[in-house]
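Under our numbering, the residue at position 37 of the sequence shown is numbered 193, and the numbers go up by one with no gaps.
Don't take each hint at face value.
Result set (BS3-like, lysine-lysine): computed pairs, CA atoms no more than 25 Å apart in a straight line [said to hold, decoys possible]:
#: 1; residue 1: K211; residue 2: K195
#: 2; residue 1: K218; residue 2: K192
#: 3; residue 1: K192; residue 2: K163
#: 4; residue 1: K218; residue 2: K163
#: 5; residue 1: K211; residue 2: K178
#: 6; residue 1: K215; residue 2: K195
#: 7; residue 1: K249; residue 2: K215
#: 8; residue 1: K193; residue 2: K163
DEER-style ranges, computed between Cβ atoms [what the hints assert, rightly or not]:
#: 9; residue 1: R248; residue 2: H284; range: 18 to 26 Å
#: 10; residue 1: Q177; residue 2: R291; range: 26 to 34 Å
#: 11; residue 1: R248; residue 2: A197; range: 30 to 38 Å
#: 12; residue 1: E198; residue 2: G294; range: 35 to 43 Å
#: 13; residue 1: L180; residue 2: L252; range: 19 to 27 Å
#: 14; residue 1: K195; residue 2: K249; range: 36 to 44 Å
#: 15; residue 1: M296; residue 2: A197; range: 35 to 43 Å
#: 16; residue 1: V214; residue 2: K163; range: 16 to 24 Å
#: 17; residue 1: P298; residue 2: A194; range: 44 to 52 Å
#: 18; residue 1: T281; residue 2: A184; range: 23 to 31 Å
#: 19; residue 1: I297; residue 2: V199; range: 34 to 42 Å
#: 20; residue 1: Q177; residue 2: H284; range: 29 to 37 Å
#: 21; residue 1: P269; residue 2: R188; range: 21 to 29 Å
I should point out that these hints are in silico values taken from the structure, not numbers from a laboratory.
Here the structure is a predicted model, which is why all the values come from computation and not from measurement.
The C-beta atom is built at its ideal place from N, Cα and C for all residues, glycine as well.
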Amino acid sequence: MSDTQIKSVALFFFFAFFDEQKSLDLTARVIRLVRKKAKGAEVPLEVLIVQAAQKVLVKEAKRTDVAPPPQTLQTLQIPDETQLGYLHALRRKIALDEYSALVWTHIIGFPEPALAAGLGSTVGTIRHRNGAALRTLGQMIPPDGGARGI
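When you get a sec, could you build the whole thing from the sequences and use the hints?
Written out as structure tokens, the structure reads:
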């Protein structure tokens, strides 16, 4: 896995749990899973990454709750002016698969076909999940953009 892919997985878990240390720990698990599966696999690496991350996400989501948004970050380089309030509220409000699709495609920038293959669904399903998540997010944000921003 490249550094960029590792950072993408760490950001995914950060936005899933809003806990920097947990995101780093879960990223290490994904790296181990991907390295194990990548030996001799004919599946693209991006697909393996999504499969491993989803497996770890579902397992961890059953055990822990979403932490409140952090005030500062030590390792992950997210700009200080980034407001996480609406994303935090969205994570608690919508289904995990919708939120996961939104983070992978709109925040991390993973291509929809790789995400669909990794999740064992179609591109249409990914787009539907994204649309549902974006509609809910749009309903949460006041018309003026809100004082907190996104």
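May I ask which of the numbered hints given earlier this structure violates, with the numbers listed in increasing order? none
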